[in-house]
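Note that the protein sequences, when read in sequence, are chains R and E. The first sequence: position 507 = 507 (our numbering), numbered continuously. The second sequence: position 509 = 509 (our numbering), numbered continuously.
Where hints are given, some of them may not hold.
Given that identical chains are not distinguished, each listed pair holds provided it fits within a single copy or across any two copies.
Listed below are the simulated DSS-like cross-link pairs for lysine-lysine, each with C-alpha atoms no more than 27 Å apart in a straight line [as the list claims (entries may be wrong)]: (1) Lys576 x Lys507; (2) Lys5 x Lys507; (3) Lys283 x Lys333.
Hints are computed from structural coordinates only; laboratory data are not their basis.
There are 2 protein chains.
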Amino acid sequence: MPSYKAPVRDTEFILNEVIKIADYSALPGFTEATPDLVSAILSEGARFVEEVTQPLNQSGDESGCIRNDDGSVTTPQGFKAAYDQLVGAGWGGLAADPEYGGQGLPHIISSAFEEYMISANMAFTMYIGLTQGAIAAITAVGSAEQKQTYLPKMVEGSWSGTMNLTEPHCGTDLGLLRTRAVPQGDGTYKITGTKIFISSGEHDLTENIIHLVLAKMPDSPDSIRGISLFIVPKVLVNEDGTLGERNAVSCGSLEEKMGIHGNSTCVMNYDDATGYLIGEQDKGMRAMFIMMNAARLAVGMQGLSQSEIAYQNAAAYAQDRLQGRSLTGAKNKDAPADPIIVHPDVRRMLLNIKAFNEGARGLMLWAALLVDLASKAETEEQRQQSDDIVGLLTPVIKAYFTDKGYENATTAQQCLGGHGYVREWGMEQFVRDARIAMIYEGTNGVQALDLVGRKLARHGGRALRSYMALLRSCIAEYTTTPEMTEFVTPFEHAVDDLQGATSWLMKNALTNADNAGAASVPYLYIMSLVSLGYMWVRIANAALLALGNGAEDVDFYTNKLQTARYFFSHVSPETKIHLVRVEAGSANLMVLDASAF
Amino acid sequence: MPSYKAPVRDTEFILNEVIKIADYSALPGFTEATPDLVSAILSEGARFVEEVTQPLNQSGDESGCIRNDDGSVTTPQGFKAAYDQLVGAGWGGLAADPEYGGQGLPHIISSAFEEYMISANMAFTMYIGLTQGAIAAITAVGSAEQKQTYLPKMVEGSWSGTMNLTEPHCGTDLGLLRTRAVPQGDGTYKITGTKIFISSGEHDLTENIIHLVLAKMPDSPDSIRGISLFIVPKVLVNEDGTLGERNAVSCGSLEEKMGIHGNSTCVMNYDDATGYLIGEQDKGMRAMFIMMNAARLAVGMQGLSQSEIAYQNAAAYAQDRLQGRSLTGAKNKDAPADPIIVHPDVRRMLLNIKAFNEGARGLMLWAALLVDLASKAETEEQRQQSDDIVGLLTPVIKAYFTDKGYENATTAQQCLGGHGYVREWGMEQFVRDARIAMIYEGTNGVQALDLVGRKLARHGGRALRSYMALLRSCIAEYTTTPEMTEFVTPFEHAVDDLQGATSWLMKNALTNADNAGAASVPYLYIMSLVSLGYMWVRIANAALLALGNGAEDVDFYTNKLQTARYFFSHVSPETKIHLVRVEAGSANLMVLDASAF
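Could you build all of it, start to finish, from the sequences and the hints given here?
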């Protein structure tokens, strides 16, 4: 039976010593987020997930969700009680607008808790996670009345939300979608169509489910420019806010999936269901991207979170499992064998995960801070810069974190040998659950195209210029500190590779867009390694400062420096092979006839 | 529903034009393996797996095996009938000794068919696959009477075999095993203990199951030097060869696994079961390694085979799925969208798999040829050289092929987006099935230690010297052919990296064994990439020769050259990052206290 302990100490280190949230205490929401409050939230949040939701993770995977004959869906045993506790304690609304009942805390704080939630039980957390995307969309484009009708209940958690995009023949290319919205002349629409892969589409956790549905109106262009967004509540809401009639939307079946069995992934049938336009006609893609961007960071977090819980269980196993002897002579002479953690290759596997987890936690929380600063920073320049950089980091975090989340869960599983392959130890569930994150909210290949095709080019390359300036100034800041040289030097090599890859793209992608497509994933990997390197430089600096200031917890900070060294000796140099692939261009990919595959 | 077409044309290309088995036609077994016979075997074998076993792959995964209350195990519906057809057609004994009813064909031929079998249905093939290892062990160390008693039935397939090594507390470190064998004074032993993870341990496909069981005798050392091997038949065999009493061995439970659900993975309980010593007392590890080496190559084949079937289904999907438009303008103007094969990144994913599959098929069949030559080559020097090189290649094929098999199945799954994550399309099964191959028969980390710690050092490094000479002579052979330069030049860089990594090991591993452990996996990866590169050079040369000779199938050979180019531009340069990791040494791995993980 796997276990989990939320890494509160590490989160606090990132928040207080690396990112230093106290520096932002003048900003709205941050004022309230005093160190004591944050500490209380993290430790209470840790207790909640460790005691309430994590114990349901394995059983939820085994039993899965059940669709009953009447189309209702029963979630795994214990999920409803846990959900009620979650809502009762107000965990759903940490960062939500106080106007609608939220606590108004910074995103960076709710993100810290979100990691724990997903580590403990990814399938469970998706019920409340999708709601956050729907809240973001309604907040951004909903009318005052729509906000008042839906947001308080959704923030509270007594209603949940979904995103309805995909159809059987249409995933990435939403221009192909066929769901229709016919205006009824009274401001409402009749929605008809079939949506697939709808996470949390139907379940028994909330009184109502607010579906956000992309559809086309009869007089709109039959393309991506003719898509509108609709609110389609499972149960219609009366004018006084009470629940009225059941709407004509139902779960046709549950998808049989590789993992996240505790979450109901539904085929949703809309059969002249009543819907309400949200935002402008034909501007549905804009609202959809608001949901998507929030969701993409959350999916990136799923990568980190599965990597973290898988790591914890693999490290514990490696410390316990007695098998064979150290290559340099028995270390555990009184026992029949040494623990397998004595083996360099077991450490290599664990350090690959650890170096990712700790750097990625920093990067994730920094990105969450940038989300806060994009709306709350004091100057327009700061807001714009934050928004620009989080725009670059969103595909990086979504794609790289989820690729690594799966790879790391697989590596952690490997540390257990045959015991990793059987259900009992729980490791194979982390792998199966982590796998989906590379696919949904835009496959990782689509993320790389978003980075190279859209984010780099936007505003004449402003975002990348801004990010490169930040990275170069980080190098300049530490390059004169002798203790930092061992970290900054390899970091600079990685930044140079990013520069090299960018130059290659500028020379070769404009004349041939296939060169951009061919370079997209390796380019994203270079930027990911650079971004993690940036965090590791900041982490190493914070650790050196703490040690220099006589911190008590010497082991903690020393461990950070040791892990930073591993990152820069073993992981960061990967930029080189990705640069080779960027510079190889698209010719060897495109020359094959389609039939040659 | 996934489909499969055995790559007969590609197998024939490797056998006839790359490896040129006709060159060996004077050797025993090869004489009979005329091109016509081989062609008939491959096409009949293809038909068999496509029509009989592949259609049972998905249903077998879904239903799994059932352990009945009496301890018997029922395999998935259709498995028994398919097994009977397999045995009836003599597919089990292709390469087995004619003295015991086999067809005496070369290993290289049975390996070619084995790939198809495993692609079509990995879980099913394991029932007959494990039998091959048991046959190899009985052939090598059994007495004449034991051979006569067991081999004919096992070759025929009416009895199957298992390998019983692992116990709950003991996997890699067999010295810890607790199963006891007490001599009864009549030449038999009473075997008592519990074995876990026993593939095909109990099932309804054969009349009898011959368990090969490692156990310790009371007067033997309680260590790896005190292990003996025993034959423990499920049903005792009377002197006249008929079946007698049921032996005291039973399946206690079935493991609940991530995949290979169609195979029964058993906890086996031995309760004073009657066993027969095979080979010498305390020399069980030697016999075990005979089984293991055969099994390790077969497990490597599982990596290739899952990569191949996953590739076929991903390529078909990419050619069919209409979604979005080419980056360089619509290619399919009359349709609502282009097939996703127009995208460079989709091609990158597919080419990564294709470049592996076609090179790996060559390497696998060449290794099988070396197994043949190790016993059948005309001179002692040739036999020794073949044995030496196959010794190096065994851990390479087991570890690299299975890492790539899983990675490639995952990549193929990715090509289907959300459809890859649901059961219907079958892709997620390939991933779950492929996963085990990285673990069993020695984890891939253990393979790397076998390569670096044992195979390199044996006989003063004779095997590696021999292999390097072969690689260098390949470079010398083609370096003056202008059309080969584009392949040989990057190949030479990879060989140089192998040389560099070897030199580093020689300087640093003797003084500190942890340096060998830390370098083991990256070193294995370099040797794997070099070995695949060696095959791609030979494939490219064969393709150029065929085109130069006016071959009709121009597309086939051109495609080989295009794929070779992709291999050398995108895959082979990975040796560089692995060399960086070899040369990074073990310090950054070993400095952390065990509690720091």
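The hints, checked one at a time:
no. : hint            : in the structure
1   : Lys576 x Lys507 : both (19 Å within a copy, 26 Å between copies)
2   : Lys5 x Lys507   : neither (49 Å within a copy, 43 Å between copies)
3   : Lys283 x Lys333 : between (70 Å within a copy, 26 Å between copies)
The structure is inconsistent with hint 2 alone, although it conforms to all the rest.
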